[in-house]
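Fit chain B to the known structure of chain A by using the hints.
Line order of the protein sequences matches chains A and B.
Counted from 1, the first sequence has number 22 at position 22 by the numbering used here; the numbering is strictly sequential.
Counted from 1, the second sequence has number 11 at position 11 by the numbering used here; the numbering is strictly sequential.
None of these hints come from the bench; they were simulated from the model.
Incorrect hints may have been included.
Chain copies aren't distinguished; within one or between two, either way the pair holds.
Calculated pairs, DMTMM-like style, for lysine to aspartate or glutamate (alpha carbon to alpha carbon, straight line, at most 20 Å) [what the hints assert, rightly or not]:
id : residue 1 : residue 2
1  : Lys194    : Asp122
2  : Lys147    : Asp110
3  : Lys196    : Glu185
4  : Lys150    : Asp122
5  : Lys197    : Glu124
6  : Lys194    : Asp110
7  : Lys196    : Asp181
8  : Lys57     : Glu22
Since we're looking at a predicted model, the values are computed, not measured.
Number of protein chains: 2
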Amino acid sequence: MNKNIIITIDRQYGSGGRKIGEKLADKLGVAFYDRALLKRAAEESGLHEDMFKNAEKRATNLFALSLSSSPYTLSIDDEIFIAQSKTIKKVAEEGNCVIVGACADYVLKDYPNCINVFIHADIEKRKLRAINEYNMPEENIEKTITKLDKCRSTYYVHYTDNKWGKAQNYDITLDSGIGIDNAVELIKMYVNMKNKK
Amino acid sequence: MNKNIIITIDRQYGSGGRKIGEKLADKLGVAFYDRALLKRAAEESGLHEDMFKNAEKRATNLFALSLSSSPYTLSIDDEIFIAQSKTIKKVAEEGNCVIVGACADYVLKDYPNCINVFIHADIEKRKLRAINEYNMPEENIEKTITKLDKCRSTYYVHYTDNKWGKAQNYDITLDSGIGIDNAVELIKMYVNMKNKK
Numbered sequence: 001m002n003k004n005i006i007i008t009i010d011r012q013y014g015s016g017g018r019k020i021g022e023k024l025a026d027k028l029g030v031a032f033y034d035r036a037l038l039k040r041a042a043e044e045s046g047l048h049e050d051m052f053k054n055a056e057k058r059a060t061n062l063f064a065l066s067l068s069s070s071p072y073t074l075s076i077d078d079e080i081f082i083a084q085s086k087t088i089k090k091v092a093e094e095g096n097c098v099i100v101g102a103c104a105d106y107v108l109k110d111y112p113n114c115i116n117v118f119i120h121a122d123i124e125k126r127k128l129r130a131i132n133e134y135n136m137p138e139e140n141i142e143k144t145i146t147k148l149d150k151c152r153s154t155y156y157v158h159y160t161d162n163k164w165g166k167a168q169n170y171d172i173t174l175d176s177g178i179g180i181d182n183a184v185e186l187i188k189m190y191v192n193m194k195n196k197k
Numbered sequence: 001m002n003k004n005i006i007i008t009i010d011r012q013y014g015s016g017g018r019k020i021g022e023k024l025a026d027k028l029g030v031a032f033y034d035r036a037l038l039k040r041a042a043e044e045s046g047l048h049e050d051m052f053k054n055a056e057k058r059a060t061n062l063f064a065l066s067l068s069s070s071p072y073t074l075s076i077d078d079e080i081f082i083a084q085s086k087t088i089k090k091v092a093e094e095g096n097c098v099i100v101g102a103c104a105d106y107v108l109k110d111y112p113n114c115i116n117v118f119i120h121a122d123i124e125k126r127k128l129r130a131i132n133e134y135n136m137p138e139e140n141i142e143k144t145i146t147k148l149d150k151c152r153s154t155y156y157v158h159y160t161d162n163k164w165g166k167a168q169n170y171d172i173t174l175d176s177g178i179g180i181d182n183a184v185e186l187i188k189m190y191v192n193m194k195n196k197k
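Okay, chain A solo, but in the shape it has when bound (with noise of 0.2 Å):
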């Protein structure tokens, strides 16, 4: 049995989601999957590394997705997830790490080690966060970031069959307004709590 310790984290866009799981990771010395995660799969399946980046932008509504699946072939978005399941499943034998977005708590939820995060924050501090920390423009802020987390959600939605961000999903659930650090702090505390039960 698997016994590596695997923290997937799921985010809201803007919400920092990303840097927490960059900066636990260093905190517990373990591996970082995010991007290099994506490349990864992207050299294994030997499918464009563009084709991972923009796999969740596409998602853009349920029904254009589902038309896009048959049950007699599989379509590129298809390819590219079960792909990026493989690449997942790889890391998580390989040893400890975090591992962001790519639908890995679903992927790897029979792993008994497997600690699930989602980070969320209120709209105004992801508008600031998009616009200083990820270089977007001002211009329909709201309207960008609304969007693309209805797309991580119809994509979540689509592979999963859960539901994005509901609380029953996750060990634990974090409103970052606290603060990256803090935040973190907290998690890094459920793990060791969690390790020692």
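Only chain B this time, still in chain A's reference frame:
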């Protein structure tokens, strides 16, 4: 502006959320409202206490709840919700406190220092707690728990128009599988972190 620290706790049936609230209030040295809130709301409104106790349990489905409400008259459930909400606002004005259930997060949504918590746990742990701690009959226990949660969810959705257990509505949500005392510790840390911001 009200500067009292109010912590609201909503919870799945059998997750230990009430116990966590009680211990948290004790550790923080603040008032705890659960059944006491209903008792007080009954006294202040003149309505019978039993009506408050069973308000959630009557919410078996949204359709029936909607039928019992009309735009012209208040149903007994509406009257109870209003009476309860008035008492919640009063106790929030009186001082720091922990309030369990009663849609308190929604009722106090405009209070700046309100920290909203949701507690859940896996079904096996909830079954054990229901049988061993709440003395519920073992027969059909999973069905009973599912039904009680459905009532809580329906009641919440009807009166708040929000989703029950949606991470984004809470400051912190936790799987209480880490243990009651650990959950209390984590929420206490969150409260301290938020107050320092």
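Next item on the list: With 20 Å as the alpha-carbon cut-off, assign the pair Lys150 and Asp122 to within, between, both or neither.
Entry: within (16 Å within a copy, 28 Å between copies)
Next item on the list: State whether the alpha carbon distance between Lys57 and Glu22 is at most 20 Å within one copy, between copies, both, or neither.
Entry: Cα proximity of Lys57 and Glu22: none, with 22 Å in one copy and 44 Å across.
Note to self: Cα distance capped at 20 Å. Does Lys147 pair with Asp110 within a copy, between copies, both, or neither?
What the structure shows: Close neither inside one copy (31 Å) nor across copies (27 Å); limit 20 Å.
Notebook entry, point to check: For the identical chains here, do Lys196 and Asp181 meet the 20 Å Cα criterion within one copy, between copies, both, or neither?
Noted result: between (23 Å within a copy, 13 Å between copies)
Note to self: For Lys196 and Glu185, with the copy left unspecified, which applies at a CA distance of at most 20 Å: within, between, both, or neither?
What the structure shows: Both: 17 Å inside a chain and 15 Å across chains, each within 20 Å.
Notebook entry, point to check: Are the CA atoms of Lys194 and Asp122 at most 20 Å apart within a copy, between copies, both, or neither?
Noted result: between (28 Å within a copy, 14 Å between copies)
Next item on the list: Pop the pair Lys194 and Asp110 into one bin, within, between, both or neither, using alpha-carbon distances up to 20 Å.
Entry: Within one copy, since 16 Å is at most 20 Å while 34 Å is not.
Next item on the list: Evaluate Lys197 and Glu124 at a C-alpha cut-off of 20 Å and name the case that applies: within, between, both or neither.
Entry: between (38 Å within a copy, 16 Å between copies)
Checked against the numbered hints above, the structure violates hints 2, 8; every other hint is satisfied.
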